[in-house]
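Peer 1: Sequence:
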Amino acid sequence: ETVNKFVLSLLSLYRKPVINYYCISQCISYLLSPSPLNPKLSLNDNVIHSINNVLFNLVVLEPDYDQPHTVKNHFEVLRCFDHMTGQFPDQTVENLLHYCKNNQEKERMKAVIILTH
Numbered sequence: 001e002t003v004n005k006f007v008l009s010l011l012s013l014y015r016k017p018v019i020n021y022y023c024i025s026q027c028i029s030y031l032l033s034p035s036p037l038n039p040k041l042s043l044n045d046n047v048i049h050s051i052n053n054v055l056f057n058l059v060v061l062e063p064d065y066d067q068p069h070t071v072k073n074h075f076e077v078l079r080c081f082d083h084m085t086g087q088f089p090d091q092t093v094e095n096l097l098h099y100c101k102n103n104q105e106k107e108r109m110k111a112v113i114i115l116t117h
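With the UniProt record's numbering, letter number 29 in the sequence shown gets 29, and the count goes up by one each step, no holes.
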């Protein structure tokens, strides 16, 4: 339960523009990555859904290489999705397939970027 609250707190930090998104993404990636001490993370379905949605909105179609921190964050978010598909494959892939069926081309492109990463 504390891990769920902690993850939701991390996700809420994305709403604060003064905080570097890359640092938040790194923390989330670290939490999601399997380790010998915690090979399988236990999260509620609503937390998994929140992670997928928040991270999906951080994927960029065309990284701005003049702003390196945004490019770093983009690739860290893709790393998070890599961990998500390892830890929670059903929910993550289902969510991405839902975005692939979206009417907005931008949403479909973001889903394709994640799926092909």
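Please note: incorrect hints may appear among the correct ones.
Stated by the list, open to error - EDC-like mimics (lysine to aspartate or glutamate), calculated; alpha carbons at most 20 Å apart, straight line:
{"id": "1", "residue 1": "Lys-40", "residue 2": "Asp-90"}
{"id": "2", "residue 1": "Lys-5", "residue 2": "Asp-64"}
{"id": "3", "residue 1": "Lys-40", "residue 2": "Asp-64"}
{"id": "4", "residue 1": "Lys-72", "residue 2": "Asp-82"}
{"id": "5", "residue 1": "Lys-106", "residue 2": "Glu-94"}
{"id": "6", "residue 1": "Lys-16", "residue 2": "Glu-76"}
{"id": "7", "residue 1": "Lys-106", "residue 2": "Asp-45"}
{"id": "8", "residue 1": "Lys-106", "residue 2": "Asp-90"}
{"id": "9", "residue 1": "Lys-40", "residue 2": "Asp-66"}
{"id": "10", "residue 1": "Lys-16", "residue 2": "Glu-1"}
{"id": "11", "residue 1": "Lys-40", "residue 2": "Glu-107"}
To be verified - If you anchor each label on the Cβ, the simulated ranges turn out as follows:
{"id": "12", "residue 1": "Arg-108", "residue 2": "Lys-5", "range": "14 to 22 Å"}
{"id": "13", "residue 1": "Cys-23", "residue 2": "Asp-64", "range": "34 to 42 Å"}
{"id": "14", "residue 1": "Gln-67", "residue 2": "Cys-100", "range": "27 to 35 Å"}
{"id": "15", "residue 1": "Glu-105", "residue 2": "Lys-40", "range": "34 to 42 Å"}
{"id": "16", "residue 1": "Asn-4", "residue 2": "Asp-66", "range": "36 to 44 Å"}
{"id": "17", "residue 1": "Val-3", "residue 2": "Asn-53", "range": "13 to 21 Å"}
{"id": "18", "residue 1": "Asn-20", "residue 2": "Glu-62", "range": "26 to 34 Å"}
{"id": "19", "residue 1": "Leu-10", "residue 2": "Gly-86", "range": "33 to 41 Å"}
{"id": "20", "residue 1": "Val-60", "residue 2": "Leu-37", "range": "27 to 35 Å"}
Bear in mind the hints are in silico, worked out from the structure with no lab data behind them. Note that CB positions come from ideal geometry on N, CA and C, so glycine has one too.
Peer 1: Against the structure, test the hints numbered earlier, and report the numbers of the ones violated in rising order.
Peer 2: As far as the earlier hints go, 2, 3, 7, 8, 9, 10, 11, 12, 13, 18, 19 are violated by this structure, in ascending order.
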